[in-house]
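K.L.:
Chains as they are written, first to last, in my numbering: chain C, 1 to 275; chain F, 276 to 635; chain D, 636 to 968.
No lab work stands behind these hints, which were simulated from the structure alone.
Any given hint might turn out to be false.
With the C-beta cut set under 7 Å, the calculated list includes, among others, these residues of chain D facing chain F [said to hold, decoys possible]:
1) G674
2) G752
3) Y755
4) Y759
5) P761
6) I764
7) L781
8) A921
Derived lysine to aspartate or glutamate pairs resembling DMTMM-like cross-links, with alpha carbons at most 20 Å apart [said to hold, decoys possible]:
9) C:K158 <-> C:E145
10) D:K864 <-> F:D356
11) C:K113 <-> F:D512
12) F:K477 <-> D:D933
13) D:K864 <-> D:D852
14) F:K352 <-> D:D855
15) C:K113 <-> F:D513
16) C:K36 <-> D:E643
17) C:K106 <-> C:E185
Quantities reported herein were computed from a predicted structural model and do not represent experimental measurements.
A virtual CB, placed ideally from N, CA and C, is assigned to each residue, including glycine.
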Amino acid sequence: MTQTQITTNQSANQQNGETSKFIGLETQGVHAWFGKHHALSNVSLRFPERTVTGLIGPSGCGKSTFIRLLNRMHEFIPSAAMAGSVLLNGSDIYAPEEDPAMIRLKVGMVFQKPNPFPAMTIRENVLAGIKLAHLKRSNHDEIVEQCLTRAGLWKEVKDRLQASGGSLSGGQQQRLCIARSLAVEPQVLLMDEPCSALDPGSTLRIEETIKELAEKITVIIVTHNMQQASRVSDHCAFFLTDGGPGYLVEADATRKMFTNPTDSRTADYVQGKFG
Amino acid sequence: MSTVANAGQLTTAEPRRPWAVSRSKRLLGFGRMLTFAVAAFVATILTPLANFDGWAVAFLLINLAWVIGIASKLGAKERRDAVLRVVITSLAVLAFVPWLSILVTVILKGYRAVYPGYFISDMRTSTPDDELNIGGAGHAIVGSLIMVAIATVVTLPLGILTGIYLTEVRGRLTFLVRFIVQSMAGVPSVVAGLFIFATVVKSMGQYSGLAGGLALAVLMLPTVSRTAEEVLKLVPDDIRSAGYALGARQWRTALLVVLPTVRAGLSTAAILGVARVIGETAPLLLTSLNTNGFVWNPIGGTVASLPTYIFAMFMYGTEYSNARAWTGSLVLLALVFFFFIIARRLGNKSALKANANRRK
Amino acid sequence: MTIVETPEPRQMMVVYSRADRIFRRIVTGGALTSLLLLGFITAFLVMRSAETFRQFGLDFITGSEWFSAGEDPLGGAVEGAVEEVDESVFSIGPMIVGSLVVALIAMLIALPLSIGGALYIEFYAPRSIYRVLVSLLDLAAAIPSLIFGLWGIQVFTAIGVRWATLLNDRLSFIPIFSVEFENFGRSPFVAGCVLAALVVPITTSVSREVYSRTPRDLIDTCFALGGSKWGAIRSVVMPYGKSGVIAGAMLGLGRALGETVAIYLMLNLVFRYSFEILDSAGGNVASMIALKFGEATDKEISALIASGLVLFIITLIVNMIASSIVARTTPRA
Numbered sequence: 001m002t003q004t005q006i007t008t009n010q011s012a013n014q015q016n017g018e019t020s021k022f023i024g025l026e027t028q029g030v031h032a033w034f035g036k037h038h039a040l041s042n043v044s045l046r047f048p049e050r051t052v053t054g055l056i057g058p059s060g061c062g063k064s065t066f067i068r069l070l071n072r073m074h075e076f077i078p079s080a081a082m083a084g085s086v087l088l089n090g091s092d093i094y095a096p097e098e099d100p101a102m103i104r105l106k107v108g109m110v111f112q113k114p115n116p117f118p119a120m121t122i123r124e125n126v127l128a129g130i131k132l133a134h135l136k137r138s139n140h141d142e143i144v145e146q147c148l149t150r151a152g153l154w155k156e157v158k159d160r161l162q163a164s165g166g167s168l169s170g171g172q173q174q175r176l177c178i179a180r181s182l183a184v185e186p187q188v189l190l191m192d193e194p195c196s197a198l199d200p201g202s203t204l205r206i207e208e209t210i211k212e213l214a215e216k217i218t219v220i221i222v223t224h225n226m227q228q229a230s231r232v233s234d235h236c237a238f239f240l241t242d243g244g245p246g247y248l249v250e251a252d253a254t255r256k257m258f259t260n261p262t263d264s265r266t267a268d269y270v271q272g273k274f275g
Numbered sequence: 276m277s278t279v280a281n282a283g284q285l286t287t288a289e290p291r292r293p294w295a296v297s298r299s300k301r302l303l304g305f306g307r308m309l310t311f312a313v314a315a316f317v318a319t320i321l322t323p324l325a326n327f328d329g330w331a332v333a334f335l336l337i338n339l340a341w342v343i344g345i346a347s348k349l350g351a352k353e354r355r356d357a358v359l360r361v362v363i364t365s366l367a368v369l370a371f372v373p374w375l376s377i378l379v380t381v382i383l384k385g386y387r388a389v390y391p392g393y394f395i396s397d398m399r400t401s402t403p404d405d406e407l408n409i410g411g412a413g414h415a416i417v418g419s420l421i422m423v424a425i426a427t428v429v430t431l432p433l434g435i436l437t438g439i440y441l442t443e444v445r446g447r448l449t450f451l452v453r454f455i456v457q458s459m460a461g462v463p464s465v466v467a468g469l470f471i472f473a474t475v476v477k478s479m480g481q482y483s484g485l486a487g488g489l490a491l492a493v494l495m496l497p498t499v500s501r502t503a504e505e506v507l508k509l510v511p512d513d514i515r516s517a518g519y520a521l522g523a524r525q526w527r528t529a530l531l532v533v534l535p536t537v538r539a540g541l542s543t544a545a546i547l548g549v550a551r552v553i554g555e556t557a558p559l560l561l562t563s564l565n566t567n568g569f570v571w572n573p574i575g576g577t578v579a580s581l582p583t584y585i586f587a588m589f590m591y592g593t594e595y596s597n598a599r600a601w602t603g604s605l606v607l608l609a610l611v612f613f614f615f616i617i618a619r620r621l622g623n624k625s626a627l628k629a630n631a632n633r634r635k
Numbered sequence: 636m637t638i639v640e641t642p643e644p645r646q647m648m649v650v651y652s653r654a655d656r657i658f659r660r661i662v663t664g665g666a667l668t669s670l671l672l673l674g675f676i677t678a679f680l681v682m683r684s685a686e687t688f689r690q691f692g693l694d695f696i697t698g699s700e701w702f703s704a705g706e707d708p709l710g711g712a713v714e715g716a717v718e719e720v721d722e723s724v725f726s727i728g729p730m731i732v733g734s735l736v737v738a739l740i741a742m743l744i745a746l747p748l749s750i751g752g753a754l755y756i757e758f759y760a761p762r763s764i765y766r767v768l769v770s771l772l773d774l775a776a777a778i779p780s781l782i783f784g785l786w787g788i789q790v791f792t793a794i795g796v797r798w799a800t801l802l803n804d805r806l807s808f809i810p811i812f813s814v815e816f817e818n819f820g821r822s823p824f825v826a827g828c829v830l831a832a833l834v835v836p837i838t839t840s841v842s843r844e845v846y847s848r849t850p851r852d853l854i855d856t857c858f859a860l861g862g863s864k865w866g867a868i869r870s871v872v873m874p875y876g877k878s879g880v881i882a883g884a885m886l887g888l889g890r891a892l893g894e895t896v897a898i899y900l901m902l903n904l905v906f907r908y909s910f911e912i913l914d915s916a917g918g919n920v921a922s923m924i925a926l927k928f929g930e931a932t933d934k935e936i937s938a939l940i941a942s943g944l945v946l947f948i949i950t951l952i953v954n955m956i957a958s959s960i961v962a963r964t965t966p967r968a
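With the rest of the complex left out, here is chain C:
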């Protein structure tokens, strides 16, 4: 397999030697296609445990495609294909013996638009993952309180857990969706522009939530908002497209990316010169 020249420093070092058991999520030379359309080319990235990684870049550069590759949501698009590998704690999630449902249990996802289950109450929504995936848990009340607290929603809804999830405001719905993802105890949480449909106040709440989450799990967040990326992420990865497939330009610690990036295009982008 060809190695890309553009990887983070850490992963470049790692790839020289035998891939030891890296704890966290890692992609190696990942490509993505939709039918004949080559959407993403050769992305190698590492997402260490308990960090927040921001994926930035202009629209259409393959960020969302990439993030959906990380928990096997990509394959739901009928003509989709991929290449390379995605390793979770050192094992390939696309290996034939892997069960995609189990992968998604470990790598959760929060979507762009809040999507609580309409027929369920707030409480049922939080417990939905446990019910859906057939997990054996006895301490339901505890889980509900814990997840809602971690998502920063507990205080607002503790007196109306039996209300419909649809009765909440947009920001609250999104936090409910985060709580729902947390209930199945994922190791990684993918967030695909989770704040793009929300007002500034709700955005702030969710950013706080993300920072708290990173104490326990790995968070990967796609965002269009430079300030948001600089506020919440430890690492940043910058994607770009020149009309062809999207590719990774540069990935590094967030502070370095915003103050002293290696690539001039990164500098231009984070300063708002294009995109």
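Mind docking chains F and D on chain C? Use the hints.
P.N.:
Frame of chain C; chains F and D shown alone:
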């Protein structure tokens, strides 16, 4: 400190509606309509226009004349608007008149033969021409309900499975299934009856409630499948993705997330299907015919049903049998409306609707 | 930057667990049952009518004679008649024409009423009665056609005859309004009017639904530009709702073509080509099937099934035209 007067203070203001039509103007308009109505009545006496329909034509013509003539001080645009208002309103009234006339007719002609026994007794010991306080349509009501129940039991699971197939499973036959279901939605009801007659009735050697129920099922299946598909299509893909992203398998997502979301919609679809077929006459004339007594056994020969009962009473052609036909129609209409209103109630409670409440 | 070689795409397929496969198999089974059931009906109609089409060919559609001979109604051949030449003749030309004539009359009356009714409910009716009107309309669409038939005979015929007389008096120089005998009660015109009453709720309901989906901001834009209500309706609502109205009309036409009992009650079945819509002679395919099947011989039943097939194909064509129009002109939301 503030340049805005009263900033932060509550000011009191009377709510007004400057755009509303004033009371006096409304009274004037009402008076004008009343005058026109009387004038139209006079016209029915003086001109060849006769009866209610003549009156309606006269009323419309007077209105139009007023709009075009007396209101000519308006500009061309306003006048066109006013003429159009009259035309559209009259078309709408015309569209509603037959239906209101039917409702009034069914009630006025139908209540004559209503007495408690009508709902529990059959026609075994009475002839269609007997006094209206003996005999009834209990057997027809029971027959109709049994046949509709058979149709529902057959179509509901098949229809919902077909809907799930078209939206969730999306197998290789999706296109073909959708095409056939859509085409069969246009099967004329008499053809469905003919089909069951030529297969079920002929092979069983007798007319039966089962045959009637199956004929109704043939008509119901495409409707239920189609509505089930439409309803399931309303579930946004986000919801399915959210289920999968939580590590759920497809079947659990479909059964625990997607179906509960549209429970109300599916029940509405089923009940509407029932309301539609319960009044079908033609297929039953070919499959279950009519009889005078209660028949509880769906494979025990001919069965009465409300439509065929009404049909038979009407064809008998005497005053009393005619009254019985209208009473049967009243009961049938009441049943249809009953199912309809339940469907409405359920539909309004739909979870999806609560989530995405549109205007109105 | 080094040139990156594009590797071969990895095989990617949605893999279903065992439970999922069982679930999919059950659902597919259900859908297949529906498919086979409905497909079987078509196949059956085609097979059973083959005999008739083979014997009469195109004459079955164009001819105007229906005569059944030589068989016991209960199935067996009449004794002694076995060796005789079967003189039965089956053809449904006048019935097809009759179906089209009555349905066309119904649609000509129903369409303006439906459009007017739908526009009124959506744009003119006071908001306070809007919901009532919509519910009334939906209820009207659910009235069984049998009740329309009864109403047609016992209530409407009196009015319809007056209109027919008027048409005949003033317009009898137009061939379709002339008659031999002035007996208008059971004429295609009156039956068409009743059918129109039956179709109006259906088409109005569909049109209203489509009109109600006109984007509010488009209408507001019209008003903001100083347009009148008529202007807004003509330039925004009508074009937007066109495909929906056509779909509704086709749905109504399908109903009108396949209507059985109302026509059975309202029309005298006469096997003669007739375009005089005020004449008391007519019929349609559906009501003919209901009338003839009772004493039908096996051969006649095959002919009736063939008639059913013809009717089915006609409605199918109508429906397909409708859905293709809708597919071509549906505005993207």
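K.L.:
Now, for every hint given, state plainly whether the structure supports it.
P.N.:
Status of each hint after checking the structure:
no.	hint	in the structure
1	G674	6 Å, holds
2	G752	4 Å, holds
3	Y755	3 Å, holds
4	Y759	6 Å, holds
5	P761	11 Å, violated
6	I764	11 Å, violated
7	L781	4 Å, holds
8	A921	5 Å, holds
9	C:K158 <-> C:E145	8 Å, holds
10	D:K864 <-> F:D356	7 Å, holds
11	C:K113 <-> F:D512	11 Å, holds
12	F:K477 <-> D:D933	10 Å, holds
13	D:K864 <-> D:D852	14 Å, holds
14	F:K352 <-> D:D855	18 Å, holds
15	C:K113 <-> F:D513	8 Å, holds
16	C:K36 <-> D:E643	12 Å, holds
17	C:K106 <-> C:E185	7 Å, holds
Hints 5 and 6, counting from the list given before, are not met by this structure.
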